[in-house]
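Each chain, written out:
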Amino acid sequence: MVAYLLRRLVALGVVLFCVVSATFFLIRLSPGGPFDAERKLPPAIEKQLLAKYKLDGSLWQQYSGYLGDLVRGDLRLSTKYRNRSVNEILAQTLPVTLTLGAAAFLVATLAGVWLGTFAATHHGHAGDTGAMLAALLAISLPSFVIGPLAILIFALWLGWLPVGGWGGLSHLILPAIVLAAPYVATIARLMRGSMLETLNQDFVRTARAKGLRENVVLYRHALRLAILPVISYLGPLAANLLTGSIVVETIFNIPGAGGFFVNSILNRDGFLLGGVIIVYCALLVVLNLVVDLAYTVLDRRIQLDG
Amino acid sequence: MDNPAPLTPLQRLGRKPVALACTAILAALALVAVFAPLFFPAAYAAPSPLQYAPPSWAHPFGTDLNGRDLLLRVLMGTRVSLIVGICGAVVSLVIGTAYGLVSGYTGGRIDSAMMRLVDILYSIPRLIFILVLINAFNRNLQNFAAAHDWQTLVDYSSIVILVFSLGIIEWLTMARIVRGQVLALKSRQFVTAARALGQSHLKILLRHLLPNLLGVIIIYLTLTIPAVIIDESFLSFLGLGIQAPHASLGSLLSDGAAAINPLRNLWWTIVFPSAVMALTLLALNFLGDALRDALDPRR
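Chains as they are written, first to last, in the working numbering: chain A, 1 to 306; chain B, 307 to 605.
Next up, chain B with everything else stripped away, as it sits in the complex (with noise of 0.2 Å):
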C-alpha cells in the first residue's frame, strides 16, 4: 500500500489479468451463443437418424439421441441459461435491495423481524418450495395466456415463471448486504444533512442511500448470476425447469447423465455441456471475486 494516489475501482480491476480474461471469455460465450446458431443449417436442429454419432467434422460435438448436432443445441443452451441466470439475478438484486434498504432504515424491531425472517428462509430448502410453486403457477399462466390468444407466452411462459421464482430465491444474500451497508451509511453526515433539510424518507432512500450502494450491488449482482444458472440448471436437470424442445445446459446435461451405461461410452454428451457450463461459471465467479477485491481493497 505504498502507492500514494488511491486507484479507482475500475483502475483496480484493469490491473487484473484475471478479471479482463473472464469478462473477455464471457462477452465472446455471449457472442458467439447468440449469433453463431444463426449460421447453421436449418437440418442440424431437426432430428435425424443419426442416433449418438460421436464427435466428427460436421457434428464437432457428436450428436444427442435425437440425431440433432449437439454444438448447436449446446449453444441455445447457453443462451437460454445465460438469459435466465441474468434476469434472475435482475429480479433478486431489485427484492433484495428494496428489502435490505427498508430493512436497515427502519432499523429497531422491524429490522431485527425482518432479519430473522430472511434467517428462517436460509435454513428451508426454498429451491423446494419453488418447484411447487413453479407448477402451480405455470398452468395458470398457461391457461391465462391461451386465453387472452398470447401464442408466444404459452411458448415461453415455463421460463418466465421460472425467471421471477429464481429471483425470489435468490434475494437473502443481496438483502443482508445491502442492510449492513445502509446501518452503516445511515448515521453519515450527509445523511443527517438530508433528513434536516426535510427531505422526505423515500427520497434519502433513493437519492442519497442508494447511489452509494451501486458498487456492492454490482457485485452481488455478478455473483448472483452464478447462482441463479446453477439454480436453473437444477430444476432443468430434474426435468422441472426448462421443457423440451428448449434447451438449457441443465437439461442437456441431464440428457447426459441419462444416456450413461456400461455398455457404450457416450462421454460427448456429458463433456462438451459440462464444459460449457463450468467456462461460464468460473467466468462469473472469478469475475465476481475480482470485482469484489478491486471495490473493497481491504480485503
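So here's chain A without its partners, still in its complex pose (with noise of 0.2 Å):
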C-alpha cells in the first residue's frame, strides 16, 4: 500500500512536470507576445517591460526560473491585469469554480446513482425506458443548448430564478443543473448496467433469502459492488466538470476561473493561462489519485500493484 502510494506520487510528479514544461513551451512558441499592441512600443520600455514580467534571457533561463517560481508556488504577475498577480487572481476566482464544480458533482453522482438505480430495478417497464430515454436526451444535449434554455425559461419567463450572476444560493441552483446533467446521465447508464449485472449474483439472492427488507438489499448491500464502475468514471468526470464549468459560467456571467482562462487565451496572458492550466491540472490528478484509493477501500478484492 504505501509503496503503491509512493509509487502513484512520483507519477503524480512526473504528470504535473509534463503538464508544465507543455503548457509554457505552447504559450511561448505561439507567434505574438503580451505587448504586440498596434502602436509599437518604444525599445527602452519593451525591455523594461520584459525585465518586470521576467520575460528577458534566452527560452532555456526562462523555462528554469519558472519552473523555480513554480516550485516556490509563485504564479507570476498577469500581463494583460497589470499589477495583478495570477495568485491573487485565482484566490479570488477558484473558490466560485470550485463551488460550483463541487455542487454539480454532488448532483451528478447522487441523482446518477439513483437514477440507474431506479431503471435497473425498473427493469424491462416504463420507468426504465423513460429513465434511459431522458440519459439519452441529457447526453446528447450540451450545456450551452441546455442552459439558454433554462435561462429562458426559468429565469425570463417564469422569473423564478436569476438570470446569472453570484451571489446566494438561488444563483448555484441553474448553472449546477446545467453543468451536471449530461453526467447525471452518463452515471445513471453506468450504474444501471452495472446494477441489473450485481442483481442477478448470489449474494443478493441469499440477501433476499433472508428476508432484508428490498431497500437494504439494494442499498446495503448491491449497491456497494454496483457503484464501482461509477466510482472509477470519478475521475474523467472531475475533468469534464472543470472543463464544463467554462462554458457554464459565461453562460450565467458567473466570476470564475473560467472567464479569465478564456480571455487569458485572448490577451495571449501566459503566465495566467499557465497558472490556471497548472492549478486544473493539479487538482485533477490529485483527485484521480484520491479516487483510486476510494476504490481500493470499497472493493478489497482489488490489489493495489499498477
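These are calculated hints, taken from the structure and not from any lab test. Accuracy of the hints is not assured; some may be wrong.
[As the list claims (entries may be wrong)] Anything over 12 Å on all C-beta distances counts as not near chain A; from chain B, calculated:
no. : residue
1   : 348
2   : 356
3   : 377
4   : 393
5   : 412
6   : 420
7   : 492
8   : 495
9   : 524
10  : 564
[Unchecked claim] Reference listing, derived: stretches of chain A covered by chain B, where coverage requires no fewer than 3 residues with Cβ under 8 Å from a Cβ of chain B:
no. : stretch
11  : 113 to 124
12  : 147 to 155
13  : 200 to 207
14  : 247 to 259
15  : 276 to 290
[To be verified] For the chain B half of the interface with chain A, some residues (derived, Cβ under 8 Å), not all of them:
no. : residue
16  : 407
17  : 573
18  : 583
For glycine and all other residues, C-beta sits at the position ideal for the given N, C-alpha and C.
Assemble the dimeric complex from its two separately framed chains, guided by the hints.
What follows is the structure, given as C-alpha cells:
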C-alpha cells in the first residue's frame, strides 16, 4: 500500500512536470507577445516590461526560472491585468469555480446513482425506458444548448431564478444542474448496467432470502458492488466538470476562473493561462489519486500493484 | 431469440424504426443545409437595418444582431458543424484505430504503457490544451498560407486547424475499443494461421484484423461525430472556434446567449439554433446506439 502510494506520487509529479513544460512551451512558442499592440513600444520601455515580467533571457533561462518560481508557489504576474498576480486572481476566482464544480459533482453522482438504480429495479418497465430515454436526451444536449434554454424558461418566462451572476444559493441552482445534466445521464447508464449485473448474483439472492427489506438489499448490499464502475468514472467526471464549467460560467456570467481562462487565451496572457492550466491539472491529478484509493477501500478484491 | 436464421446486422437495423427515422432526419438535414442556402436572396446574408426582427413570413427564424436572416445563418452553421464533425471524427478514427491496433497486437509492456497514457489523457482536460494548441498553430498556419499566396487556406485555416485538433482529442475511446477487440481476435485461429504462413505483422494487421474491426469502427464513428460537433460548438461558444463571419451552431448559440437580457425577450436567437443542434445530436446518438445494438445483439 505504501509502496503503491509512493509510486503514484512519483507518477503524479511526472505528469505535473509534463503539463507544466507543455504549457510553457506552447505559450512561449506561439507567435505574438503580450505587448504587441497596434502602436510599437519604444525599445527601452519594452525591455523594461520584459524584465518586469521575467520574459527576457533565453528560452531555457525563462523556462528554468519559471519552474523555480512554480516550486516556490509563485505563479507570477498577469501581463494583461497589470499589477495583479496570478495567485491573487486565482485566489478570488477559484473558490467560485470550485463551489460550482462541487455542487455539480454532488448533483451528478447522487442523481445519477439514484436514477440508475431506479432504472435497474424497473428493468423492462416504463420507468426504465423513460429514465434511459431521458439519459440519452441529457447526454446528447450539451450545456450551451440546455443553459440558454433554461435561462429562457426559468429566469425570463417563469421568473423563478436569477438570470445569472453569483451570490446566494438561488444563483447556484440553475448552473449546477445545467453543468451536471449530461453526467447525471452518464452515471445513470453506468449504474443501471452494473446494478442489473449485481442483482443477478448469489449474495443478493441470499440477502433477499434472509427476508431483508428491498431497500436494505439494494442500498446496503448491492450498491457497494454496483457502484464501482461509477467510482472509476469520477476522475474523468471531475475533468469534464472543470472543462464544462468554463462554458457554464460564461452562460450565467459567473465570476469564476473559467472566464479568466478564456480571456487569457485571447489576450495572450501567458502566465495567467499557465497558472489556470497548472492549477486545474494539479487538482485533477490529486482527485484521480483519491478516487483510485477510494476504489480499493470499497473493493477489497482489488490488489494495488499498478 | 427463437429466430433460427440469424439476421445480418443490416437486416436487424432495418427492423428498427428509430434507426431508419434518424437516418432520414440526418439525410434531410444534410441535404437542406447544403442546398437550401443556394436559393436564398443574396441580401439575406448581408447585414441590414432590420436588427432583431421577430420571426415573420419573410424571415421565418427572425433576424440577428446585424439584421441577417437567422434561418440562412442556421443553415450555414449546420453545414459547418456537420463538416467539422464528420472530418474530425474521421481524423480521430484514423488515430484511434492505429493506436488501438498497435497496442492490442503488440501486447505486453508496450500495451500497458500505451493504455496507461490513454488513462492519463482521459483525466486531463484535453480541450483546454487543444485551445492553446489551436491558438498557437492557427497563426503559424495563416502566416504560412499567406507566404504561399493560398488565399482559401488563409480564410479557412481556423476550420482546418479545428478539424485536426478535435480529431486529436476524441480518439481515446476508439483506441480503447479497438484494442479490446484486437486482444480478443489475435488469439483466434485465422491469425495464428496467417502467422504460420509467414505473413508480415503489417499484413496481418491490415488484411486480417482491420476488416474484422470495421463494424465496431463504424459504430464509434457515428458516436464520435456528435462528440466532435459538441467540442466544436464548445470552442465556438467561447469565441475560440469558428470565427465571424463564418458561423457554426455553437457560435450562433453563443450569439443568442450573449443577447439574453431582462428587458427584451429575443427567444428566437436561442430557440432555433438550439432546436437544430438538438435534432442533429439526438439523431446521431440514437443512430449510433441503434447501430451498436444491431451489430452486437448480446447487449
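#### Entry: Closest C-beta approach of residue 407/B to chain A relative to 8 Å, hint status
24 Å, violated
### Whether chain B covers the stretch 276 to 290 of chain A (at least 3 residues having a Cβ closer than 8 Å to its Cβ atoms)
holds (count 6)
### Query
Just checking, residue 348/B versus chain A, shortest CB gap more than 12 Å?
30 Å, holds
### Message
For residue 495/B, is the shortest CB-to-CB distance to chain A above 12 Å, so the non-interface label stands?
### Response
30 Å, holds
### Query
Do the numbers back the hint for residue 583/B, that is, is its least Cβ distance to chain A under 8 Å?
At about 6 Å, which falls below the 8 Å cut-off, the nearest Cβ of chain A leaves the hint on residue 583/B intact, so it holds.
### Least C-beta distance from residue 524/B to chain A larger than 12 Å
19 Å, holds
### Query
Was residue 420/B rightly flagged as not at the interface, with every chain A Cβ beyond 12 Å?
Holds, since 14 Å exceeds 12 Å.
### Message
Holds or violated: the hint that residue 573/B contacts chain A, with Cβ atoms closer than 8 Å.
### Response
6 Å, holds
### Message
Verify this label for me: residue 564/B is non-interface relative to chain A, using a Cβ-Cβ cutoff of 12 Å.
### Response
Check fails; 9 Å does not lie beyond 12 Å.
### Message
Count the residues of the stretch 147 to 155 of chain A whose Cβ falls closer than 8 Å to any Cβ of chain B, and tell me whether that reaches three.
### Response
This one holds; 5 residues, not fewer than the three required, reach chain B with a Cβ under 8 Å.
#### Entry: Non-interface claim for residue 412/B, where every Cβ of chain A lies beyond 12 Å
With a cut-off of 12 Å, residue 412/B remains clear of chain A, as the shortest Cβ separation is near 19 Å.
### Message
Between the stretch 200 to 207 of chain A and chain B, are there enough contacts, at least three residues with CB-CB distance under 8 Å, for the coverage claim to hold?
### Response
Coverage by chain B is violated for the stretch 200 to 207 of chain A (0 residues, Cβ < 8 Å).
Going through the hint list in order, the structure does not satisfy hints 10, 11, 13, 16.
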